[in-house]
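**Student:** Residue numbers (the UniProt record's numbering), protein chains in the order written: chain A, 1 to 300; chain B, 1 to 295; chain C, 1 to 312.
There could be a bad hint or two in this list.
[Said to hold, decoys possible] In silico SDA-like cross-links for lysine to any residue, where the CA-CA straight-line distance does not exceed 20 Å:
id, chain 1, residue 1, chain 2, residue 2
1, C, Lys303, C, Pro266
2, B, Lys4, A, Ala15
3, A, Lys67, C, Lys303
4, A, Lys112, B, Lys4
5, B, Lys176, A, Ala15
6, B, Lys8, A, Tyr202
Calculated from the structure, these hints are not laboratory results.
Only a predicted model underlies this, so the values are computations on that prediction, with no experimental measurement involved.
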Amino acid sequence: MKKSNDREVATPHLAEEWVGKVYTFICILFLIITIFSMVYFVASKGLSTFIVNGVNVKDLLTGLKWKPDGEPPMFGALPFIFGSFSTSILAAIIAAPLGFCAAVFMVELSPKIGRTFMQPVIELLAGIPSVVYGFVGLSVIVPLFRDLFPGQGVGIAAGSLVLAFMILPTITTIATDALASLPAGLKEGSYALGATRWQTIYRIVLPTTLPAQMTGIVLGIARAFGEALAVQMVIGNAPHIPNSLFESTSTLTSAITLSMGNTAMGSVQNNALWSLALILMLMTFVFVFIIRWLEGRKKL
Amino acid sequence: MSAKTADKIATGVIVFITGLIALALLGLLGYILFRGLGHISWHFLTSPPETIRKGGGIGPQLFNSLFLLVLTMIITVPLGIGAGIYMSEYAKAGKITSAIRLVVEVLSSFPSIIVGLFGLLVIVNKFNLGFSLLSGALALTIFNLPLMVRITEQGLRSVPVQQKEASLALGISKWKTIRSVQLPIALPIVLSGSILAAGRIFGEAAALLFTAGMSSPRLDFSDWNPLHNDSPLNPLRPAETLAVHIWKVNSEGLAPDATQIAAGASAVLIITVLLFNLGARALGRYMHNRFTASK
Amino acid sequence: MKKSLIVTMALTLSLSLAACGNNTNNGANNGNAAASNNAPTNNAASADLSGSILASGSTALQPLVDQVSKEFMEKNSGVSIQVQGGGSGTGLTQVSEGQAQIGNSDVFAEEKLDADKAAELVDHQVAVVAMAAVTNKDVGVDNLTKQQLVDIFTGKVTNWKDVGGKDAKIQIVNRPSSSGTRATFEKFALGTKTEDLEGSIQEDASGTVKKLVSETPGAIGYLALSYLDDSVTALKYDGVDANVDNVANGSYPVWAYEHMYTKGEPDAATKAFLDYMVSEEVQNDEGDVVEMGYIPISKMEVKRDAAGAVTK
Numbered sequence: 001m002k003k004s005n006d007r008e009v010a011t012p013h014l015a016e017e018w019v020g021k022v023y024t025f026i027c028i029l030f031l032i033i034t035i036f037s038m039v040y041f042v043a044s045k046g047l048s049t050f051i052v053n054g055v056n057v058k059d060l061l062t063g064l065k066w067k068p069d070g071e072p073p074m075f076g077a078l079p080f081i082f083g084s085f086s087t088s089i090l091a092a093i094i095a096a097p098l099g100f101c102a103a104v105f106m107v108e109l110s111p112k113i114g115r116t117f118m119q120p121v122i123e124l125l126a127g128i129p130s131v132v133y134g135f136v137g138l139s140v141i142v143p144l145f146r147d148l149f150p151g152q153g154v155g156i157a158a159g160s161l162v163l164a165f166m167i168l169p170t171i172t173t174i175a176t177d178a179l180a181s182l183p184a185g186l187k188e189g190s191y192a193l194g195a196t197r198w199q200t201i202y203r204i205v206l207p208t209t210l211p212a213q214m215t216g217i218v219l220g221i222a223r224a225f226g227e228a229l230a231v232q233m234v235i236g237n238a239p240h241i242p243n244s245l246f247e248s249t250s251t252l253t254s255a256i257t258l259s260m261g262n263t264a265m266g267s268v269q270n271n272a273l274w275s276l277a278l279i280l281m282l283m284t285f286v287f288v289f290i291i292r293w294l295e296g297r298k299k300l
Numbered sequence: 001m002s003a004k005t006a007d008k009i010a011t012g013v014i015v016f017i018t019g020l021i022a023l024a025l026l027g028l029l030g031y032i033l034f035r036g037l038g039h040i041s042w043h044f045l046t047s048p049p050e051t052i053r054k055g056g057g058i059g060p061q062l063f064n065s066l067f068l069l070v071l072t073m074i075i076t077v078p079l080g081i082g083a084g085i086y087m088s089e090y091a092k093a094g095k096i097t098s099a100i101r102l103v104v105e106v107l108s109s110f111p112s113i114i115v116g117l118f119g120l121l122v123i124v125n126k127f128n129l130g131f132s133l134l135s136g137a138l139a140l141t142i143f144n145l146p147l148m149v150r151i152t153e154q155g156l157r158s159v160p161v162q163q164k165e166a167s168l169a170l171g172i173s174k175w176k177t178i179r180s181v182q183l184p185i186a187l188p189i190v191l192s193g194s195i196l197a198a199g200r201i202f203g204e205a206a207a208l209l210f211t212a213g214m215s216s217p218r219l220d221f222s223d224w225n226p227l228h229n230d231s232p233l234n235p236l237r238p239a240e241t242l243a244v245h246i247w248k249v250n251s252e253g254l255a256p257d258a259t260q261i262a263a264g265a266s267a268v269l270i271i272t273v274l275l276f277n278l279g280a281r282a283l284g285r286y287m288h289n290r291f292t293a294s295k
Numbered sequence: 001m002k003k004s005l006i007v008t009m010a011l012t013l014s015l016s017l018a019a020c021g022n023n024t025n026n027g028a029n030n031g032n033a034a035a036s037n038n039a040p041t042n043n044a045a046s047a048d049l050s051g052s053i054l055a056s057g058s059t060a061l062q063p064l065v066d067q068v069s070k071e072f073m074e075k076n077s078g079v080s081i082q083v084q085g086g087g088s089g090t091g092l093t094q095v096s097e098g099q100a101q102i103g104n105s106d107v108f109a110e111e112k113l114d115a116d117k118a119a120e121l122v123d124h125q126v127a128v129v130a131m132a133a134v135t136n137k138d139v140g141v142d143n144l145t146k147q148q149l150v151d152i153f154t155g156k157v158t159n160w161k162d163v164g165g166k167d168a169k170i171q172i173v174n175r176p177s178s179s180g181t182r183a184t185f186e187k188f189a190l191g192t193k194t195e196d197l198e199g200s201i202q203e204d205a206s207g208t209v210k211k212l213v214s215e216t217p218g219a220i221g222y223l224a225l226s227y228l229d230d231s232v233t234a235l236k237y238d239g240v241d242a243n244v245d246n247v248a249n250g251s252y253p254v255w256a257y258e259h260m261y262t263k264g265e266p267d268a269a270t271k272a273f274l275d276y277m278v279s280e281e282v283q284n285d286e287g288d289v290v291e292m293g294y295i296p297i298s299k300m301e302v303k304r305d306a307a308g309a310v311t312k
């Protein structure tokens with residue numbers, strides 16, 4: 001009698017436990033299926049340029065001419081790859097020192113202003129849609145550069161400046177977290193030895209938080225690398241490696257958004273764009289691995 | 001140069017640069033709001049857009065953005081919280097778990113344009129959902145899931161382990177403990193995190209260009225049956241969101257007041273994101289006060 | 001523990017299968033709904049048409065179709081038309097694969113699709129779009145010959161003074177090579193394909209092109225007539241003004257048809273809509289076509305086939 005009673009209590013209990021396990025497992029399974037199907041579909045589309053259309057991988061990666069409609073068609077994506085790397089790295093070079101300064105200000109100099117004013121503003125900056133960034137870039141930065149420098153204002157310089165604004169929140173937030181999580185004793189020890197604030201920041205804080213700072217910068221570069229609409233509006237989109245920072249050029253993303261809708265699925269022109277998307281995806285993997293590696297170093 | 005001078009110079013430079021950033025940011029916000037606010041009116045917020053005539057509004061787009069947000073959150077929140085719970089409570093430390101973690105990380109750093117293209121290829125074409133709100137919501141779910149998982153994990157980790165153990169010691173099942181002890185405590189973090197994620201949905205355009213489409217069909221705002229074609233609630237209709245509308249008006253707009261419309265819509269977008277941020281903060285604070293009984 | 005794992009897997013699998021099943025059911029239901037919606041139209045008179053139509057493709061044609069579809073739906077409340085952008089390539093792909101009933105395109109299907117796929121599509125030409133070369137207002141040129149245009153767009157001439165303008169560097173604002181607008185311009189204005197020159201700007205969207213041309217010193221680009229306004233100078237082509245009359249009588253050659261393709265013969269609702277597109281009401285001087293800057297198909301005194309041969 002007693003035994004069956006026990007079972008009656010135990011069964012709903014166990015069933016409930018199962019519901020939880022199964023439900024959460026389905027959720028995670030969905031996530032995993034999604035990413036694998038993404039990789040699969042993008043890869044199968046991107047690789048068909050080489051398999052179905054017979055384009056040489058090396059030609060695509062190192063070719064300088066992008067003429068998908070030409071006779072014969074040419075698919076040299078190097079200008080796009082170059083454009084993507086140069087704009088995103090330059091954006092990080094602009095944004096990293098700015099983000100670090102802002103973080104130092106918010107953590108070391110004036111936490112009060114930092115918390116009540118800087119942080120909300122920077123968070124808001126992260127929320128501004130890329131379309132708006134692109135439009136402001138086209139209406140403000142491009143005309144400004146056109147007046148100040150030779151050229152038409154569009155190009156890597158304009159693109160990376162817009163991107164720098166866009167990745168500033170990422171870099172600043174991570175830098176701030178890194179500085180704030182530093183053990184207080186470390187800084188106090190330095191001050192106690194008579195070091196000035198700048199010496200402490202420069203000699204102690206910066207080297208200790210460097211891996212974390214780098215994580216922020218790589219995350220920023222990754223975001224800049226994948227940004228499409230804002231860049232397309234200010235980069236100029238000529239499929240050439242430019243001679244200066246103020247000359248029209250393209251990135252992987254801008255090449256994709258510019259032509260994806262205009263080409264029919266399954267055509268070689270369209271497949272070539274998927275190959276660019278595949279490169280973009282592979283670069284995402286690389287960035288994630290770099291970030292992992294940096295985070296591994298941080299723990300040491 | 002003495003260390004003291006260097007310190008002064010460095011401090012000055014840092015303050016100067018921070019001031020510069022603040023100025024640039026405020027300038028950016030000011031520029032968008034200043035240009036746009038003048039154009040915002042009740043008429044602008046509620047009336048449908050015009051193709052070639054003046055005086056078009058952003059009513060349907062605003063509705064689409066909000067509805068898409070709700071739809072996405074309906075899909076994302078249960079999935080994200082579920083996956084987050086699995087990662088923080090059920091997954092055992094090991095190779096598989098760390099592989100899953102890597103997968104989540106990769107997913108979270110995929111460029112939105114890749115998500116959009118995948119959406120076009122699989123959701124729109126293969127599943128035959130067409131350019132629709134549902135396609136858009138699914139694409140955005142892919143986009144937001146990793147964030148949601150991370151937020152849930154973070155929230156659950158903030159729960160004091162004693163509270164969990166006390167519940168388990170009372171013989172309460174693990175799932176029940178998660179549901180009625182851990183989740184409520186983690187709720188403030190999860191909630192404010194999801195609101196921030198929602199703000200991201202609001203501004204997304206690249207992924208939606210290829211999935212939710214760029215047109216807003218005739219809507220009949222008196223018909224709320226989701227199965228009707230003209231109903232605003234029908235998830236299978238194409239829907240242009242506010243961010244996509246800005247992109248379209250900027251690039252192809254034929255209306256004589258296209259620039260003002262774009263400026264006005266941008267300002268509306270910024271204000272909404274601002275409201276989301278403030279809302280997330282206020283809610284987080286309120287919930288924190290309520291649950292921790294710190295009066 | 002092992003057992004529990006197996007059960008979990010089984011449950012998950014069955015659940016996900018069930019989910020899939022649901023999906024396909026939904027898809028089928030939708031198909032049925034659409035089919036049953038269309039069915040009565042075949043028997044009933046055109047008075048009460050019903051069905052849902054998806055027209056997707058060309059962004060240049062989208063505003064017109066959008067506008068006309070709204071009027072059509074007001075007259076035929078049973079029909080629901082959704083108009084999508086996405087580009088000519090997307091439109092042709094979708095109509096060819098049956099995802100859309102109508103594929104809007106700036107170019108003949110033969111130029112984008114494989115011959116066998118293009119052969120399945122039925123062409124409905126609904127309007128004509130003409131393009132004019134436009135320059136920044138300061139270059140001091142209002143007419144260019146075909147040869148001068150070719151020289152500019154192939155990079156042989158790089159200064160405006162060589163074509164009768166001021167001493168200013170020429171800045172090309174082109175379209176991407178996949179663009180239908182560019183294809184038309186190259187085919188009928190230049191008569192040759194051009195390469196993307198170093199330093200040239202490429203934008204797909206007409207609004208952006210106009211903005212850049214109006215702001216950049218020495219800029220030249222090309223726009224559909226509907227986008228022309230005071231901010232840029234529209235050039236004469238070989239001395240001929242880019243206007244509706246010159247296009248209609250065949251003296252201005254830079255124009256193209258706007259196509260609405262269907263796969264095979266359209267169903268009743270789609271056919272009614274396509275008929276409405278070319279009806280007098282839409283195409284006359286007060287109709288949408290003219291108001292939105294397109295040229296009515298009925299006005300054209302010349303015809304052109306896919307190969308580009310013009311007949312009176």
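**Student:** Indicate, hint by hint, whether the structure satisfies it.
**Tutor:** Okay, the hints, checked on the actual structure:
With a C-alpha separation of about 24 Å, the suggested pair C/Lys303 and C/Pro266 falls outside the 20 Å cut-off, and the hint is violated. For the proposed pair B/Lys4 and A/Ala15, the alpha carbon gap of about 69 Å is over 20 Å, so the pair is violated. The hinted pair formed by A/Lys67 and C/Lys303 fails the criterion: a straight-line CA distance of about 31 Å is larger than 20 Å. A C-alpha spacing of about 24 Å is found between A/Lys112 and B/Lys4, which places the hinted pair above 20 Å, so the restraint is violated.
With a C-alpha separation of about 11 Å, the suggested pair B/Lys176 and A/Ala15 falls inside the 20 Å cut-off, and the hint holds. Taking the CA atoms of B/Lys8 and A/Tyr202, the gap is about 13 Å. The hint holds against a cut of 20 Å.
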